[in-house]
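Asker: Fit chain B to the given chain A structure using the hints.
Protein sequence lines correspond, in order, to chains A and B. Per my numbering, the very first residue in the first sequence carries number 16; after that it's consecutive. Per my numbering, the very first residue in the second sequence carries number 29; after that it's consecutive.
Think of the hints as simulated: they come from the structure by calculation, not from any bench. One or more hints might be untrue.
List time: in silico SDA-like cross-link candidates among lysine to any residue, alpha-carbon distance up to 20 Å [said to hold, decoys possible]:
no., chain 1, residue 1, chain 2, residue 2
1, B, K35, A, G233
2, A, K225, B, R34
3, B, K35, B, K331
4, B, K331, A, G218
Selected chain B positions facing chain A (Cβ under 7 Å, derived; list incomplete) [what the hints assert, rightly or not]:
no., residue
5, T33
6, R34
7, P64
8, S67
9, Y115
10, H117
11, R140
12, H241
13, W243
14, P244
15, E246
16, A247
Virtual Cβ for every residue (Gly too), placed ideally from N, Cα, C.
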Amino acid sequence: MTIQFKDETFHDDYTFRNSPWAIQRFPFPFHEDSYMYSVNLEPHLSLRPGSVFEKTFDVDEHYISEMKDRARVLANDPLRCQSLPHMTLAGWDLVELIMEAKARDYPDLFELHRDGDHWHWINKPLGIEQRFTFLDDSTLPCGPMEYITRQAQGDFALLDQREENLWMDAGMVTTQADWSLDFDIGMNFYEWHAPVPLAHEMGVFQRALKFLLNLQQGAPYRRLNWTMTVNPLLDTSPENYHKWGVQKTELTPENVGQKQYLRVELQSFFRLPRSNALVFPIRCYLIRLEDVVSVPKWGRRLHRVLRDLPVELATYKGFIRNRPMIVDFLSAYDDGAPTSPGIFPD
Amino acid sequence: MSAGTRKIDVTVTDVVEVNELVKRFRFERSDGGEMPTFSGGAHTVVEMRDGDVTRLNPYSLMSDPRDRRAFTISVRRDEAGRGGSLYMHRQVRIGDRMVLSYPVNLFALDLRAKKHLMIAGGIGITPFLAQIKQLSATGGRFELHYSVRTAALGSYAGELAGRFPANVHVYHDDQSQVIDLARLLDGQPLGTHLYVCGPKGMIDWVIRTATDHGWPAEAVHYEEFLAPQSGKPFEVTLASTGRVITVGEHQSMLEALEAAGVDAPYLCRGGACGQCETDVVRHEGHFIHRDHWLTDDQKTCGKKIMPCVSRFEGKSLVIDR
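Here chain A stands alone, though its shape is the one from the complex (with noise of 0.2 Å):
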């Protein structure tokens, strides 16, 4: 299908809004009734047409206005955007990544020609066209990480491998979930994980280091991970918490379904080749516990995930103030019925 890109906002107004096809291919990340840590990865392989899996960076119908919130965010806050200088081959390594795939995805949408270190990228949603010669830096209107994830949507963090240890050496963040990139830039992958509760005792971190320090060229993995953010904002940085953090306190028994979203990351890990260090994209997708419940399934599985959630989880994801408004909502959707396996609608 065409996709039919939305205008539409992720502050102030927040117009920001799924169409029923959104909904239906919205990554809901919980498998079961319960949920707790997990190294939960699987190969990145195209599944389910259709799918936010399906493609290997997925555009859809809030991709202009994603990347025009984007700009905004970088306008105000230009070190949302930061790369230490020997990350600059990773950089283009990226570049090659998201060129190569979008323009194989979405041929209709992306076009690149190659004629050696001569390319030629066409952005049709975006309007850009872009003549460059690939690995000179001068000849593209900013660095090459920048450049392109200014036109792709989620975060993106560019991992330096050295030492047994993965290093927060660049990155593009402006939909993040309450992390900082101008804090944890140059941090290991330890430092920029301290915050996070029960799973270091867990030896989480360690099993998921050794797994990221193996991972082969062309062999991406992804997994799911997610959080509760009050109205559809895609910038939830602790530099703007001052902002959005009081809006929780916004929240009635009336709005709760409209106002209070469930944020879901597709979080995917690649090689790169020449630089040998790990792409992060992190690709936030938003969806309000009314449109949740519209799939039964989702409605009776969030309730008892987010009612049985530890304490210490639901502290972490910022919504331990809310719990109880959040699952009263969720309750009259649940009514005990069996659910089935994996997360998608039945």
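Answerer: Coordinates of chain B only, in the frame set by chain A:
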């Protein structure tokens, strides 16, 4: 997670005798497509169908990482080895179909370095060939010190010295030329990273000298692929099924597991990457640990083994597979 990496079907398109010990092989995709690009220092695992035996040997990629037409490797003939290099030298011909793994890099450049100081011995030159191509294309600063037995056996020494006369220094053993490492390490600009690839004695010497001169471990990089060594046959029991597998004299434990149809993980097959690390359930006897992966403590406590290069002698060994 299944074993190894993605595979590429290739055809041998060139075989060149570099000198009396070394042959160079060029591989192109059999389907005519492009090879993956890679980072300097990466290796590929070459699958060899040698009669009933499947050999999987890692070789450093020496071609230009930006050249998507082909991969090239150089193989030194090892008469005393278990046969992989002899197979490559004697059996492989232009037009042969073979299978390579996707590139894996366990010897990557630290791209933060202000300068890359490279020490190579013999066939250890191969990863540096790709790294130098990468650095010269991107304006990176490097200096190579390359020790060879004789001028005739100095693979690629002439070409390197001709192309980069200011950066490349060649030392001939038969003329008693020795790398003055202490002096070299003393005069490097801040932010220099040191890389060494060559025989075990050379690697140990470079690491020891650098440590003595106060170089931080993070700035010293080395790659030594160990070929599995032959040894007395032994038996290993799989805890999951109770199945007993015999490891032959000229076989590694990993190869014996694979021959028995066990899908065991691996990447480098040379004791360096850690992927094949296996838990020991119980044992009566002693281990011959030969890898670079386990710590000395882990080797002493007898709860882990790297089946790609390490062996066992004794009454019984049960592993968690």
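Asker: Please write out, lowest number first, the hints stated earlier that are contradicted by the structure.
Answerer: 3, 9, 10, 12, 13, 14 and 16
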